[in-house]
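A.B. asks: Sequence lines, in order, name chains A, B, C and D.
The first sequence begins at 1 in the working numbering and counts up one residue at a time.
The second sequence begins at 1 in the working numbering and counts up one residue at a time.
The third sequence begins at 1 in the working numbering and counts up one residue at a time.
The fourth sequence begins at 1 in the working numbering and counts up one residue at a time.
Note that these hints are calculated values from the structure, not bench results.
Where a beta carbon is used, it is the ideal one built from N, C-alpha and C, also for glycine.
Treat the hints with care, since some could be wrong.
[Said to hold, decoys possible] Incomplete in silico selection of chain B near chain A, CB under 7 angstroms:
hint, residue
1, G69
2, L72
3, D76
4, F77
5, K78
6, T80
7, Y178
8, R187
9, P193
10, A212
11, E223
12, R241
[Claimed, not checked] List time: in silico DSS-like cross-link candidates among lysine-lysine, alpha-carbon distance up to 30 angstroms:
hint, chain 1, residue 1, chain 2, residue 2
13, D, K15, A, K71
14, D, K95, A, K68
15, D, K71, A, K15
16, C, K95, C, K78
[Said to hold, decoys possible] Pulled from the structure, derived: some chain B residues nowhere near chain C, Cβ distances all over 10 angstroms:
hint, residue
17, E12
18, R36
19, T64
20, R134
21, R196
22, A227
23, N230
24, F243
25, D303
26, G335
Protein chains: 4
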Amino acid sequence: MIIVMSPSASPEQVKHVVGRLEEDGWGAEVSHGAERTVIGVIGTGFPPEYPDMFEVMDGVESATRISKGYKLASRDFKPTDTIIDVNGVKIGGDKFVVMAGPCSVETRDQILGTAQAVADRGATLLRGGAYKPRTSPYSFQGLGPEGLALLGEARALTGLPVITEIMEPGEVDIVEEYTDVFQIGTRNMQNFPLLRRVGQTNKPVMLKRGYASTIEEWLLASEYILAGGNKNVMLCERGIRTFEPMMRNTLDLAVVPMMHRLTHLPIIVDPSHGTGKWYLVKPMALAAAAAGADGIIVEVHPDPDHAWSDGPQALTPANFEDMMKTLEVVVNATGRTLAVMTPATV
Amino acid sequence: MIIVMSPSASPEQVKHVVGRLEEDGWGAEVSHGAERTVIGVIGTGFPPEYPDMFEVMDGVESATRISKGYKLASRDFKPTDTIIDVNGVKIGGDKFVVMAGPCSVETRDQILGTAQAVADRGATLLRGGAYKPRTSPYSFQGLGPEGLALLGEARALTGLPVITEIMEPGEVDIVEEYTDVFQIGTRNMQNFPLLRRVGQTNKPVMLKRGYASTIEEWLLASEYILAGGNKNVMLCERGIRTFEPMMRNTLDLAVVPMMHRLTHLPIIVDPSHGTGKWYLVKPMALAAAAAGADGIIVEVHPDPDHAWSDGPQALTPANFEDMMKTLEVVVNATGRTLAVMTPATV
Amino acid sequence: MIIVMSPSASPEQVKHVVGRLEEDGWGAEVSHGAERTVIGVIGTGFPPEYPDMFEVMDGVESATRISKGYKLASRDFKPTDTIIDVNGVKIGGDKFVVMAGPCSVETRDQILGTAQAVADRGATLLRGGAYKPRTSPYSFQGLGPEGLALLGEARALTGLPVITEIMEPGEVDIVEEYTDVFQIGTRNMQNFPLLRRVGQTNKPVMLKRGYASTIEEWLLASEYILAGGNKNVMLCERGIRTFEPMMRNTLDLAVVPMMHRLTHLPIIVDPSHGTGKWYLVKPMALAAAAAGADGIIVEVHPDPDHAWSDGPQALTPANFEDMMKTLEVVVNATGRTLAVMTPATV
Amino acid sequence: MIIVMSPSASPEQVKHVVGRLEEDGWGAEVSHGAERTVIGVIGTGFPPEYPDMFEVMDGVESATRISKGYKLASRDFKPTDTIIDVNGVKIGGDKFVVMAGPCSVETRDQILGTAQAVADRGATLLRGGAYKPRTSPYSFQGLGPEGLALLGEARALTGLPVITEIMEPGEVDIVEEYTDVFQIGTRNMQNFPLLRRVGQTNKPVMLKRGYASTIEEWLLASEYILAGGNKNVMLCERGIRTFEPMMRNTLDLAVVPMMHRLTHLPIIVDPSHGTGKWYLVKPMALAAAAAGADGIIVEVHPDPDHAWSDGPQALTPANFEDMMKTLEVVVNATGRTLAVMTPATV
C-alpha cells in the first residue's frame with residue numbers, strides 16, 4: 001500500500017499515519033519527495049479496508065493498494081488455464097462450448113423439443129430456468145421443482161448436461177440433484193450467502209457478472225466460491241448497465257481478453273441478455289468467439305412470440321442453426337474447435 | 001400499450017401484431033398516420049414482457065407500455081403518505097427521523113457506547129450490522145447472532161428501536177427477534193426470495209436502492225414486499241454507481257422529491273454510503289433534509305480509525321453532534337421538526 | 001406523439017393539453033381507456049421539445065415521441081447502404097477497410113516510417129493527428145500545420161489517403177487541403193458549429209461517437225452534417241464511459257449490427273481508444289469484424305514506449321502484421337474481403 | 001509516480017522500466033517487497049501520459065500518478081477562496097448568488113419581462129442564451145447577435161449583469177461585447193480551442209461540468225483557462241448522465257463540498273438542467289444551498305408552455321418567488337446570506 005501525504009501535511013500527521021500502521025504490526029517506509037511525503041507499506045494481506053481508512057485521515061491525499069484483493073482466482077496464483085469437466089464436456093481449453101435452451105422451462109413439450117433441437121444443431125449444454133428472478137412480482141416466476149424434473153427428462157433424452165439458475169442457499173440441495181452446473185445470475189453475483197453455499201458443493205458454477213460490477217468485484221465474488229473449496233468456477237459476461245437505452249445491456253466483450261490475463265478461470269459470453277434483441281445475438285456471438293471467449297450461452301425457443309419470458313431475445317431453432325454455421329468458421333479462425341459431446345457423455 | 005409500426009411495415013405485419021394481441025384477449029385500435037401505423041391497446045394488466053415481445057416482431061419500430069408496472073406502491077393507488085410507526089417513532093409524516101450507529105456491531109462496549117452517544121445527541125433509531133455483505137471474502141463478515149444480542153442490549157439501555165440488515169431468507173426468523181426494522185441492502189434489492197420472505201412478516205422494512213437500479217425497478221422491488229401483505233415499507237437512497245471515481249457512490253438526491261410524487265412510501269437518505277467519506281456526510285445530510293427526505297441514516301463510530309468496517313465514512317460522536325445542530329435548522333426551514341422519542345417509546 | 005394522462009387527471013387538464021396541441025395546428029385523438037385517457041397526435045415534424053413540454057403539464061403522466069428525430073440518416077429514408085469513395089478506396093460495401101497510423105504526427109521519420117509500415121501490411125488509409133484534443137493543458141497538443149504537411153508527404157510516399165482530426169470550424173480550410181477524410185473526435189461529436197461547417201464541404205467525414213452519447217444523439221449529430229449537404233458521413237464507435245476502471249472505455253460492439261438496422265451509413269470501430277491497451281486491440285479488432293463492422297481504425301507506432309501520446313494503446317508494426325493475418329480470416333468468415341488500394345488509388 | 005511490478009516480473013523487466021525512467025531524467029527508487037517489486041519515482045511534472053505508458057510494459061502490474069494533474073486550480077496552490085467580482089456582484093464569498101432567466105432569448109418582451117421579474121424577486125445575474133447547442137438540427141438554434149443585443153437591453157433596464165453561452169472561438173469577440181460572464185456549456189467543457197480562447201480574455205467564465213466528465217477532467221479543463229491567464233473561473237455542476245431514465249440528468253451535489261476541498265474556485269449548481277423538470281428545481285436548489293454551493297443558476301420563463309426551448313424545466317416567476325423565500329432560510333442556516341446588487345451595481 002502506498003500512502004501519499006498532501007503537500008501541506010504536518011510532521012504530526014505523518015507520524016499519526018505511521019503510528020496507526022505500526023499499531024497493526026506493519027513496517028512503514030517514509031520518503032520525503034520534492035512536494036509530498038510518501039509512505040510505502042511493504043507486506044501482504046492488508047485488510048481490504050486499509051486504503052480508504054487511511055485516505056480520510058488528516059493530511060492524507062491518497063492511499064492505494066498495490067496488490068490485488070483476490071488470490072485464488074488470479075493467474076499469478078495459478079498460471080495455467082482451469083479446464084472444467086462437465087460430464088465429459090470440457091470447458092476452458094481449446095474447445096468452444098455452446099450452451100443453449102429456453103429462458104424458462106415452460107412445458108414438457110417445450111423443453112424436450114428445444115433440447116432436442118439445440119442438441120441436433122451443435123449445442124453441448126442445455127440451459128433453462130426453473131427458478132426465475134423477475135423484476136416484477138407480477139411476472140412468471142418459474143415452475144420450480146416441476147421445472148427441474150423436466151430438465152432432468154430433457155437431459156435423459158438428449159444426453160446434454162444441464163445448467164440452471166439458483167437464487168438462494170435454501171434451494172441448493174434440490175437444484176443440485178438435477179443440474180450439472182449451477183448458474184448464479186447477475187442479480188446474485190454478490191449474494192454472499194449463496195456464493196458461500198455453492199462453494200461447499202462439488203458442482204461447477206457459472207458466475208455471471210453483476211450488471212454494474214467491476215472486474216475486480218466479479219473476481220472477488222468468484223473468490224468466495226473458490227475459498228470455500230469449489231475450484232470449478234467459470235465466469236459469464238452478460239452485459240452491463242449504461243446510459244444507452246436502445247439495448248437491454250451493453251455487452252462488454254473486452255473483458256474476455258482482459259480476464260484471460262487476470263485469471264485462469266474460463267469465460268463464457270451471453271449475447272442474449274447482453275443485447276436483449278434476437279437479431280443482435282448472432283453478430284455478438286461471433287464477436288465473442290473472435291474475442292477469445294471459451295463459449296457462449298444463448299436463448300433458443302421454438303416459438304419466441306409465445307415465450308413466457310425473454311421471448312424478444314430468443315433465437316428460433318432455424319436462427320440458431322444459421323448462427324452455428326458461421327460461428328464454427330470464426331472459432332476455427334481463432335485456432336479452436338467447437339466442443340462436441342463425447343460418446344462417454346452421451 | 002402503444003405499438004408503432006415502421007414506415008415500411010406491410011399490412012401482413014400489422015395483421016400479425018393485431019392477431020397476437022387478440023389471441024391474448026386484447027382489443028387493438030389501429031390508426032393509420034401520415035408515415036406510420038400505430039396500434040393502441042387499451043386495457044390494464046398487460047404482462048410485463050409485452051412491450052419487448054412486440055418490439056422485436058417484424059415491422060415493429062417500438063412498443064411502449066403506458067401504465068406503470070407497480071401498483072400498490074404508487075400514489076395513484078394510495079394518495080396519502082404512508083406513516084410507519086416503529087415503537088412510537090413515526091416515519092413519514094412531518095417529522096424528520098435520524099437513524100445512527102456503527103456500520104458493524106464489533107464489541108459490547110462499542111455498540112453500547114455508540115448507542116448512548118447517538119441517543120444523547122438526537123438519534124431516534126439505532127443502526128448496526130450483525131450480518132455484513134462484504135465485497136471480499138477476506139473482510140470481517142459480522143458477528144452474526146452475537147451481534148444481534150448486543151443490539152438487543154443497546155436497545156434495552158437506550159430505548160432506541162433497532163434497524164439491522166438481513167441477507168437471506170433463512171436469517172429472517174432470528175433477526176426478527178432482535179430488530180425493529182429489517183434493512184435490505186443495496187446488493188439485495190432484487191433478492192426476490194428475501195423480498196417475498198419479509199413480505200410475510202409484520203416488521204417494517206427499509207429497502208435500499210440497488211446501486212445500479214432505476215426508480216422503476218426499486219418501486220417494483222418494494223411491490224414484492226407490499227404484495228406479500230407487509231405495508232410498512234420505507235425506501236432508502238444510498239447512492240448509485242457512476243463513472244466518477246472520487247466518491248464511493250453518486251448520491252442521487254433528486255429521487256427524494258421524485259419519489260414523493262410517485263409513491264406514498266417514506267424515503268430516507270444514507271449520506272454515509274452515498275459518499276464514502278465522513279467529511280461529505282454533514283453537507284449531504286443537510287442537502288437531503290432540504291430536498292425533503294423523511295430522514296437520514298448515518299454511520300457513527302467512537303473511533304473511526306479503528307472501525308472494523310467502513311471507518312472512512314463514519315462520523316465521530318462530536319461530528320455527529322455538530323451535524324445535528326445545523327440539521328435541525330434546515331429541517332425547520334422545510335416546515336418540519338426532528339423526530340423525538342416519545343415517553344411511550346422509552 | 002402519444003400523451004398519457006394520469007388516472008387522476010381532470011377533464012380540464014385533458015382539455016388544456018388538447019388546446020395546446022390545437023394551438024400549434026395539430027389534431028388530437030382522445031381515447032378514454034379503463035384507467036387512463038390517452039391522446040394520440042398524428043402527424044410528422046413535431047418540435048423536438050414536444051414530449052418533454054407536455055410531460056410536465058398538470059395531469060400528464062408521460063409523453064412519448066413515436067417517430068425518430070433523425071431523417072436523412074435513417075434507413076427508412078435511404079434503404080441502401082451508403083458507400084463512400086475515398087480516392088478509390090470504397091468504405092461501406094462488401095470490403096473491410098483498415099485505417100492505421102500513429103496517434104500523433106511527431107516527426108518526419110516517424111510518420112513516413114509508420115505510413116510505409118502500415119501500407120506494406122495491408123492498411124488502406126493513414127491516420128495521424130496534427131491537432132490533438134488533450135485532457136491536460138500540459139500534454140503535447142499536436143504539431144498543427146507542420147503535422148499536416150508531414151501527412152501530405154506520407155500520402156505522396158505511400159499513396160494512402162489520409163484521415164486526420166479537426167477541432168474547430170476555423171481549422172477546416174487548412175485541414176481540408178491536406179486530408180482526405182475529416183475526423184471528428186469523441187469530444188466534438190456535439191460541437192455543432194463544427195458539424196455545420198464540415199457539412200458545407202465535400203470531403204468525407206468520420207464522426208466518432210461521443211463517449212457518453214446515445215445512439216440517437218449520435219445519429220442526430222450525423223444529421224447536422226447530412227442536412228448541410230455533405231452525404232459522405234461514416235460513423236465510428238470508439239468506446240463509451242462506464243463505471244469500469246480497468247479499461248479506458250467500454251467498447252460497445254453491439255452498436256455495429258444495431259446501426260446497420262437504423263442507418264445506411266458505414267460504421268467503423270476504433271479498438272485502440274475503445275480499450276486503451278495494446279494487448280486488447282487485436283481481439284477487439286477481430287470481434288469488430290465478426291460483428292459486421294465496415295472497418296477499423298487502429299494506432300500503430302514504431303516505438304510505443306516513446307510515443308508522444310497514447311503509446312499504451314499503440315501496436316508495433318509487428319503486432320499490426322500479426323493482427324492483420326487473423327483479421328483477414330475473420331473478415332472472410334463474414335463473407336467480405338479486406339479493402340485493397342486500387343492501381344488508381346496508388 | 002508508483003510503478004508496481006507483477007509478482008512474476010523478471011529482473012530484466014524491472015531494468016527496462018528503470019532505464020526508461022532514467023532516459024527521461026528521473027531517479028527511480030526500487031523496493032523489493034514480499035511479493036512484488038515497487039518502483040517509486042520522486043519528482044514533479046511528469047508527463048500526463050506516464051502512468052499508462054508504463055502500465056502496459058511487460059512485467060508491470062500498475063502505475064499510479066500520486067500528484068494531481070492540475071495545479072493552478074488546486075487549493076494546494078491557492079489556499080484561499082477565489083472571489084469573482086461581476087460588476088459589483090461578488091461570487092464565491094459568504095454570499096449566495098442567484099442567476100436566473102430564460103433558457104433562450106426569444107423576443108424583446110420575453111427577455112425584458114423575465115429580466116425584470118427575476119430582478120424584482122432577488123436574482124442578481126440574468127441568464128439567457130443567444131447561441132444554443134441543440135441535439136437536433138431541427139430545433140431552434142438561438143437568435144444569435146440579435147439575442148445578444150436584447151440581453152444588452154435587459155441589462156440596461158434592470159442593472160443585472162448578464163451571463164450567456166459561447167460555443168466556438170470565433171464567437172468570443174462579439175459575445176464579449178454584450179456579456180459579463182462567458183458560459184461554457186456541458187458539451188464544450190473539453191472544447192479546448194474555446195477554453196484557450198476565453199483564457200485570453202479578462203471576462204469571468206462559468207465552466208459547466210461535462211455531463212460525463214470526472215472531477216479531475218473538469219479541473220483540468222479549468223486549468224486550460226487559468227493557464228491562459230484568466231483567473232476568474234467558476235465551476236457549475238449541472239448533472240451527469242447515468243442509467244436512470246426518469247430525470248434528464250443526475251445532479252451530483254456531493255461535488256459541491258468535494259470541490260471546496262480540492263479547489264479555490266467558486267461552485268454554482270444548475271438544478272434546471274440537473275433535473276429537467278420544473279417541479280424538482282426548488283427542492284434541488286434548496287439542497288444545493290444546504291450542501292454549500294456558492295449559488296445557483298435557474299431557468300425562469302413567463303410562459304413555460306410556450307417556451308422555445310427547455311420549457312419543461314423552467315419556473316414561472318411565481319414559482320421562482322416561492323423558491324426564493326425558502327432558499328433564503330436555508331442559505332442563512334448555512335451561515336451565509338443571499339447576494340444583493342449593490343447601488344454601484346445598479
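A.B. asks: Which earlier hints turn out false for this structure, listed by number in ascending order?
C.D. replies: 2, 3, 4, 5, 6, 7, 14, 18, 19 and 24
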